[in-house]
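Asker: Sequence:
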Amino acid sequence: KQLVFTGLGLLFLVVAAFINIPYQILLLLFSIYAILLLMTYLTIWMAGADEMREPDVKMKKWPSVSIVIPSFNAGHTIFECLRHVQRIRYPGKLEVLVVDDGSKDGSSATLAKMKGIRFFSITRNVSKSSAVNYGIARAKGEIIATVDSDTYANADVLERAVPYFEQDKKIGSVVLFINAAHPRNLL
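Residue numbering for the sequence shown follows the working numbering, starting at 1 and increasing by one per position.
It should be emphasised that the hints constitute simulated quantities derived from the structure, not laboratory data. Don't take each hint at face value.
[What the hints assert, rightly or not] Straight-line distance between alpha carbons at most 16 Å, and here's what the computed EDC-like set of lysine to aspartate or glutamate pairs gives: (1) Lys128 <-> Asp150; (2) Lys61 <-> Glu166; (3) Lys115 <-> Glu80; (4) Lys93 <-> Glu159; (5) Lys60 <-> Glu159; (6) Lys170 <-> Asp150.
Predicted model, so just to flag it, every value in this text is computed and none were measured.
With the hints as constraints, model all of the structure from the sequences given.
Answerer: Encoded structure:
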């Protein structure tokens, strides 16, 4: 709350000062404010990351998991992604669904022949979210995991993520860090 009120107060000051202060000074003040806001966010985020602990739960039964991978013209990354997904260690039942979202790079034909995955093809490119939803609608697992076609999951990703659901039944999603093929920025 205090951060919101501080932000609103600074915004009010900036608007009030806008009439009397040259734009260069306003730009400088806004830049300083943005940097302070980012630093505050990062501090809060890192504090939360420090508090994260692996759940102390002994799994009696591992639920089934479906991994949905949307793919659009991902011939240069999808096969490495699948190699990493196939290396995932998981004691429960695991299925891998690849949803091709109208690719034109030829990857669809190769994916259709692959063993160990359930392959679905959407004839025209609709969107990544539509491809993910298409896969989720056809998934059979009790838990759904999604992986982008240009990311590489660690072998223990599910062994680490699934116990969170057992620890607290209110948990609806778990996000773990995962490696990207060719990261272009922080997002």
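Asker: If a hint holds in the structure, say so; if it does not, say that too.
Answerer: Hint check:
About 13 Å separates the Cα atoms of Lys128 and Asp150, which keeps this hinted pair within 16 Å; it holds. Restraint check: the Cα-Cα separation between Lys61 and Glu166 comes to about 10 Å, which is no more than 16 Å; the hinted pair holds. Of the pairs offered as hints, the one joining Lys115 and Glu80 holds, with about 15 Å between alpha carbons and a cut-off of 16 Å not exceeded. Restraint check for Lys93 and Glu159: the C-alpha separation of about 12 Å stays at or below 16 Å, so the hint holds.
Restraint check for Lys60 and Glu159: satisfied, since their Cα atoms lie roughly 13 Å apart, inside the 16 Å limit. Note on Lys170 and Asp150: the hinted pairing is violated, with a Cα-Cα distance of about 30 Å set against a maximum of 16 Å.
The structure shown violates just one earlier hint, number 6.
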